[in-house]
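Enquirer: Based on these hints, arrange chain L on the given structure of chain Z.
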Amino acid sequence: MRRLLLVSFLGVAFLALAVSTIPFAIFLQSVERERLLTSLERDAFVLAGRAEEALESLGAADLAPVRDLVGDYRDAGGARVVIVDSQGSAVVTNDPEEIRVGLSYVSRPEFEAALGGVISTGERFSDTLGITLVYVAVPVFSGPEIVGAVRLTFDKAVIDAEVNRQWVGIGLVALITLALGAVIAVILSGRLVTGIRELSVTAGKISAGDFTARAREDLGPRETQALAGAFNNMAGRVGALVEQRQRFATDASHQLRTPITAIMLRLERLRDSLTLDAKGDERFDAIDYEIARLTRLIDGLLALGRSGVEGVEQISIDATSVVSERVESWCNLADEVGVSIVSRIEAGVWLTGVPTAVEQIIDVFLDNALSVSAPGHTILVDLETHGSNASLCIRDEGPGMKESDLPRAFERFWRGDAKYEGTGLGLALVEQLAEGSGATVRLQNRTPQGLNACVEFSLGPVALSL
Amino acid sequence: MIDMKVLLIEDDRAIAGAIIDSMEAVSWNVVHENTGAGGLAQLAARAWDVILLDLGLPDIDGIEVARRARETQSVPIIVISARGDESDRVLALELGADDYLVKPFGMRELLARVRAVHRRYDQGGDGPETGPLSVGALTIDPRERRVSLDGVEVALTAKEFDVLHYLASEVGAVHRRETILADVWDMNWYGSTKTLDAHIAAIRKKLGDARWIESVRGVGFRLGEPQ
Chain Z
1 MRRLLLVSFL GVAFLALAVS TIPFAIFLQS VERERLLTSL ERDAFVLAGR AEEALESLGA
61 ADLAPVRDLV GDYRDAGGAR VVIVDSQGSA VVTNDPEEIR VGLSYVSRPE FEAALGGVIS
121 TGERFSDTLG ITLVYVAVPV FSGPEIVGAV RLTFDKAVID AEVNRQWVGI GLVALITLAL
181 GAVIAVILSG RLVTGIRELS VTAGKISAGD FTARAREDLG PRETQALAGA FNNMAGRVGA
241 LVEQRQRFAT DASHQLRTPI TAIMLRLERL RDSLTLDAKG DERFDAIDYE IARLTRLIDG
301 LLALGRSGVE GVEQISIDAT SVVSERVESW CNLADEVGVS IVSRIEAGVW LTGVPTAVEQ
361 IIDVFLDNAL SVSAPGHTIL VDLETHGSNA SLCIRDEGPG MKESDLPRAF ERFWRGDAKY
421 EGTGLGLALV EQLAEGSGAT VRLQNRTPQG LNACVEFSLG PVALSL
Chain L
467 MIDMKVLLIE DDRAIAGAII DSMEAVSWNV VHENTGAGGL AQLAARAWDV ILLDLGLPDI
527 DGIEVARRAR ETQSVPIIVI SARGDESDRV LALELGADDY LVKPFGMREL LARVRAVHRR
587 YDQGGDGPET GPLSVGALTI DPRERRVSLD GVEVALTAKE FDVLHYLASE VGAVHRRETI
647 LADVWDMNWY GSTKTLDAHI AAIRKKLGDA RWIESVRGVG FRLGEPQ
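So the protein sequences, as listed, match chains Z and L.
First residue of the first sequence: 1, per this note's numbering; consecutive thereafter.
First residue of the second sequence: 467, per this note's numbering; consecutive thereafter.
Isolated chain Z, as found in the complex (with noise of 0.2 Å):
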């Protein structure tokens, strides 16, 4: 955004100066020749109305002093001068030789017009010099008559050299208007970005579950302030809502604790004043049972409020160690039932995720792999690296699910057949601690039979255990 800002800047800038500067620089090049022309032609008449009398009379008296004149004119820094009489020929130079005296210039199409009556001027190359002149030539008119022409020439080299000098001038003050913009364009800029780089920093934040992060509202213009203000404010209820949705969920479960011990104490109080048959004992039976599922329920929501997303730290987790842990603890259990548990577990597996995911998220999975097979079934459970992931799968030889249920698996309260116990949150649990340790859960059905449940974690940093 800041570079963006500054490009658009500079390009704006010199945009406006190259739209102004060039043609301005194109006038003055033009200004500055035409001032040179003139100055040349007005030279030449000079020199032109010195040299009349001489030129009428052509005596060597009276050239002596043009001749000292135009020499003058050229330590002066002049022009080349050359004068020739009505016939063409040279009669006075200031080459210091004055090897060109005698030559005729009548062929040179600037005398041409001179000597006949007009004033030319113009650049031409010289094959002589073998550079490129500037040129005047004038007429020297004595009375009506012509009595001969002057030209004066000027490298144009020199006249480039003085208009380039001119360019380079406003080159100069361009490119210094140019780095004070960039200055300017700076400190604006920075100014303007500041303020919305401090918003994103703190919406990182936020969604990285800190609710009490809050922008700066003094950074940058007002309406960045404005904008901060307005985030901060919209931070601040979405906090408040997610810390009253988490706690809705703790809340409720500790509220319902009360009154079920309540109900607890009164019905044990009842079948001890009671005098009571099988059949009664069994009816309290039942309704003990139902008491202690209400309970796991109730647990069970706490434990999901408790793994919401938000607010919760990834760490680097011993998964094999912990794996192995649980594998083992399940296998007494297992060997109740007559279910052999066969794992596979990778060595220095090292994963990321919310503290006690790992745990979590094996004991449910195994509780329900255990709870749908049969004696004589295995359940394997591998824990396996791949790239920089790594996946827990455990697999069942139950019936596994219907296809169409498979994406159902994970909703709340949902249960998929109702013959095996569970509360319909034990799933739910793990998606969301998954989500928490942004890892991914599936679930497949196994030909000929079974279910494979996996999740796919990310690696972590070894740590070291204290």
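In short, the hints are calculated from the structure, not lab data.
The C-beta atom is built at its ideal place from N, Cα and C for all residues, glycine as well.
Hints are all accurate, no fakes.
Straight-line C-alpha distance at most 20 Å; calculated EDC-like pairs for lysine to aspartate or glutamate:
hint, chain 1, residue 1, chain 2, residue 2
1, L, Lys625, L, Glu636
2, L, Lys672, L, Asp607
3, L, Lys625, Z, Glu328
4, L, Lys672, Z, Glu328
5, Z, Lys156, Z, Glu34
6, L, Lys672, L, Glu691
7, L, Lys671, Z, Asp335
8, L, Lys672, Z, Glu336
9, L, Lys471, L, Glu490
10, L, Lys625, Z, Glu359
11, L, Lys671, Z, Glu328
12, L, Lys672, Z, Asp335
13, L, Lys671, Z, Glu336
14, L, Lys672, L, Glu619
15, L, Lys671, Z, Glu325
16, L, Lys625, Z, Glu325
17, L, Lys671, L, Glu619
18, Z, Lys279, Z, Glu290
19, L, Lys672, Z, Glu325
Here chain L is said to cover these stretches of chain Z; the calculated rule only asks that three of the stretch's residues, wherever they fall, bring their Cβ under 8 Å from a Cβ of chain L:
hint, segment
20, 265-272
21, 280-294
Expert: For chain L alone, coordinates are given in the frame of chain Z:
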């Protein structure tokens, strides 16, 4: 244990009524107070054998009541609470409660706890009971944390020992799963109810006879000599 004087500080009338009813059935004297302030006044006014204290009181926090009671009196305090979190439990016990009972609980369990706490005070110490328990051929020594059957030592893990010891605290009574879990394991999570089954299975195996511990379907477990 006749004529035990019990002060019940509990704001929920339904559960208070049930507790009073249960205790009066065994001829204990129960006085009920709805508020922490009322409870503290009663504490100052008379001598009590035991105090049952709910933590969620309308005026003063139960923990604070326990702390103030501890400052002036040497009387057993049993906290009854709907909150079973380890942190709540530890805080209550540190501030002077002698036992912590998580709701829901049954009458037998409540009476057993009251008796146990009271017995400890009568013996003059406030440490746990340390004498070995015997159930038929089974001997459980809490001090040494050893179990022997017919004089032969049975090797139990720490948790297995805790479970067996817990069941042995009242032989023949059904102990609820949730209560055992809340007391023996400091945390309670959903999947852990089967953890208990797993430990019971291990204990049964080590005792060599599954009948030592009877499962009461859906409710809990009972320890008894195999008949």
